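Asks: The lines below spell out each chain.
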Amino acid sequence: MPKVDNSILSKRDQIVSDVEKIVDPKNVLSHIDEIKPYETDALAAYKQVPLMVVLPETVKEVSKILKYCNENKIKVVPRGAGTGLSGGSLPLQDCILLAMGKFNKVLELDFENRCVVTQPCVTNLAITQAVQDKGFYYAPDPSSQIACSIGGNVAENSGGVHSLKYGATTNNLLGIEVVLMDGTITRFGGKAMDAEGYDFLGLMTGSEGLLGVITEVTVKILKTPEVVKAALVGFPTIEDAGNCVAEIIAGGCIPAGMEIMDKALTKATNDYSKAGYPTDAEAMMIVEFDGTEHEVEAYIEKVKKISEKNNSSSLKISKSNEERLKFWAGRKAAFPACGVLAPDYMCMDGSIPRGKLAEVLKEITRLSKKYDLPVANAFHAGDGNLHPLIMFDANNKESLKKCEEFGADILKYCVKVGGALTGEHGVGIEKRELMCEAFNDKDIQQQLTIKVALDPNSLLNPGKVYPILRKCAEEGRVHVHGGKTKFPDIPRF
Amino acid sequence: MSMEEKQNSQTFLDFNQSVLKPITREQISEIIKESYKKSIPLEINGLNSKNKIGRNFQAEKTLDLSKYSGIIEYKPEELYIKVKAGTPIELIEKELDKNNQQLAFEPTDFGYLFSGKSNSGTIGGVVSCNFAGPRRFKVGSARDHLLGFQGINGKGETIKSGGTVVKNVTGYDLCKLLSGSFGTLTVLTELSVKVLPKPETSKTLIINNPHVKTALEYLGKSLSSSIDPSGGVFYPDSFEKHFSFNDLIHKGALTGIRVEGPTNSVDQRIKRLSKELDLLENEYSVLNVEQSNIFWKKTKNLEVFSNTEKNLLRVVVPVSETLNFLQKLKNVDLSYFLDWGGSLIWLELNDISIKILNEIKDITKDHNGYFTIIKVEEDMKASADIFTIDPIKYKISEKIKKSFDPKRIFNPGKMYTGI
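Residue numbers (the working numbering), protein chains in the order written: chain A, 1 to 493; chain B, 494 to 912.
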């Protein structure tokens, strides 16, 4: 992490009293008992207590705090719900942690313009809940949607299982209000689509809190589809499953969601959740369509034919919503099911071209033998997002080290076959040192000059995303011990 | 080495010529490095389909990328195509068509507007301008379909961002930042663009109604319905002559709503839509797939303004503001049509003056929108603000420009003075 500024640590009391002049003193937390809960996000392997925690209530307060910090060279780490998996809101010892938790109101439901204006710490699911009685919903659905904040979704450009058809956050966002490090309050985008000039809305989305603090969000909402149906298909080989996915897509179907699990995961989830998956299949596919009845029927019929052509060993179509949810139950239990199999597991998050699935899984099997650690694979086949779950024992130092090396090897391979280091969890501190696998110095320098343009003193969320040392170290991933995640009650899939 | 290549390798860096036409990325990079060293401003061009959009500016040389063209890789099952920046849209669409795929954001062919005939330009130009067609509200704009790029910044350095996969959150999303930057930040060299299957069929419900207020009600209801339309326009009476289709039972103003997908479902949805909108049998017609495709081609390509001598503004407001916006322009001599379900207003002005422009600008701002001047008399181009920007965003834009193009050699002043 960036070098600790001791002069800031020594001025702590002064800073606390200054900030108490900006916000209501009850919103300034400085006692260790108060700030301890903020020491980590959902990448719980990393912990650091900040200098202090500030909970602003208005955009003016955010602006004043940032301006004060900019003038006094104090680092700031913004935080939403703290459910991020890559350590994006991990505090620094000498930082003010700007916790946005009090920005928790939905501001406007605008059905005429089909959008919702909300404060950033409203949860992703709460947006859908606010509009569902009128038959609308907000499309991006990260698995942590009951707890993750919409501001955090913007900062990380969160996806979900429906990204292929509906896009990630960036494709569903109309506007934001943002405060820059110098205290400037501005708006990018709005209710009118494609605001003119440079697309700062797009730049801010997925910038992991390095360029500005989001204080208001406008998202588009969609009409809830009438019918949703899923097919559960088993295949004798991974290759067959991979070919089937390619053919479905090339055949002109865009499913709402398409998931593949390998045999290890199918077996684990079956034992855990009694999902009733066929255990003889080497690969299981769940493919889901939504829309009007005729539309869904037409696509399901197509998938049936394509699956049979690709040697499917079993095929079930959901006859009711309950059955459809049962198809998903096993898949959604993937993480806890792995928690039962081993003391610990790490969840990786790479993106690969769909057609490379068989090749990548073969490589993962090879690596699994090499490192002598079991692995189970879940794959958002629709959008190419692969989540290998590596099982290990963190109490055994050797095992942890092997697991980390294994994980880094997988991500490097994802990049090698034309994929990406991270599909939806973000870089944060977790994959920072792997950035040089994806980018060369010139690429990274260009990105850093943008950072410098907006935050010349590099005070906003420093140490995240971009490598500090030029090395490709193997760092931590989503590490789960004894089945206990940082937020055990949030689904992760 | 072919004759042309031989000739080119000798001349591409000849700064005595006013137009530089590189055919390789290395040549583009060399030209930019040289221009950076000597501070030579460049106008970046492709097929000249949209070069009239934007402010007039002084560039010593033209960097013509039309020879840097070709498909690098097309993977239909991976839903992307990787192409060189100077590749014509026409060529890309032809190639995609072979696999029944398309660029879902429907790039506008501005050729009709400026020259009366088709010229849909290059992919680099389309992405740089980020103008999306009628499907915008459903599938997004060019910026939503650019998966990755390679380009050369103002110092001559090759940079890249994104990739070929749809889910990628590695580093800042420069694909978005460069889309719509009108070639002022980076010269794009390679683009990976998301492609999507063509719908099995497409039909259009045409409602005969003369009033914009009713049209906006129809459009609002349709776009908020689970029928899930992919286009919504309103053409007032004056456009009647452009739409003489066999399937049309009426003349005059019309509201058009497009429905796409599997044939069965399209027929069912069109039927349901007519019921949801409480339409009587004699109030609407349905365009079959061929006529529907012609209708939307005309719309996306602004063919109703083909070769117009008049001025054209592109106004975008939240759809709730459209009616009030139009009412405030009652006394201005203009014609217009609505796209994007009523949110995009194409305004054709018969007479133009700075006073009228400023008036429209203020009204647009009052209604939370923005406008871009697409076509204007040459002598006005120097004095009018083609794009709108507020001082804070100007300041940020200045910094971003500097971070990519420190000597301001790429299209300097095309968007704003000083940028």
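I should point out that these hints are in silico values taken from the structure, not numbers from a laboratory.
Keep in mind the model is a prediction, meaning the values are calculated, not measured.
Just so you know, not all the hints are guaranteed correct.
Straight-line Cα separation of at most 27 angstroms, BS3-like style, residue types lysine-lysine; simulated pairs [as the list claims (entries may be wrong)]:
1. K302/A with K631/B
2. K416/A with K568/B
3. K691/B with K165/A
4. K165/A with K858/B
5. K886/B with K858/B
6. K165/A with K888/B
7. K134/A with K764/B
8. K302/A with K653/B
9. K442/A with K514/B
10. K223/A with K514/B
11. K165/A with K648/B
12. K691/B with K305/A
13. K768/B with K134/A
14. K648/B with K451/A
15. K67/A with K892/B
16. K892/B with K60/A
17. K575/B with K165/A
18. K165/A with K714/B
19. K223/A with K691/B
20. K304/A with K568/B
21. K451/A with K653/B
22. K764/B with K319/A
23. K888/B with K442/A
24. K691/B with K416/A
25. K451/A with K514/B
26. K165/A with K764/B
Asks: Each hint needs a verdict: does it hold in this structure or not?
Replies: A quick look at each hint next to the structure:
1. K302/A with K631/B: 24 angstroms, holds
2. K416/A with K568/B: 17 angstroms, holds
3. K691/B with K165/A: 14 angstroms, holds
4. K165/A with K858/B: 33 angstroms, violated
5. K886/B with K858/B: 15 angstroms, holds
6. K165/A with K888/B: This hinted pair is violated, its Cα atoms lying about 36 angstroms apart.
7. K134/A with K764/B: 23 angstroms, holds
8. K302/A with K653/B: 38 angstroms, violated
9. K442/A with K514/B: It holds: about 25 angstroms lies between the C-alpha atoms, which stays within 27 angstroms.
10. K223/A with K514/B: 49 angstroms, violated
11. K165/A with K648/B: 38 angstroms, violated
12. K691/B with K305/A: This hinted pair holds, its Cα atoms lying about 20 angstroms apart.
13. K768/B with K134/A: This hinted pair holds, its Cα atoms lying about 19 angstroms apart.
14. K648/B with K451/A: At roughly 18 angstroms apart (the allowed maximum being 27 angstroms), K451/A and K648/B satisfy the hint.
15. K67/A with K892/B: Holds - the C-alpha atoms of K892/B and K67/A are around 19 angstroms apart, at most 27 angstroms.
16. K892/B with K60/A: Cα-Cα ~24 angstroms, so holds.
17. K575/B with K165/A: Holds, because 21 angstroms separates the two Cα atoms, which is no more than 27 angstroms.
18. K165/A with K714/B: 23 angstroms, holds
19. K223/A with K691/B: 22 angstroms, holds
20. K304/A with K568/B: 23 angstroms, holds
21. K451/A with K653/B: The given pair, whose Cα atoms are some 16 angstroms apart, holds under the 27 angstroms limit.
22. K764/B with K319/A: OK: K764/B and K319/A at ~26 angstroms, within 27 angstroms.
23. K888/B with K442/A: 25 angstroms, holds
24. K691/B with K416/A: This hinted pair is violated, its Cα atoms lying about 31 angstroms apart.
25. K451/A with K514/B: Distance of about 34 angstroms is beyond 27 angstroms: violated.
26. K165/A with K764/B: 25 angstroms, holds
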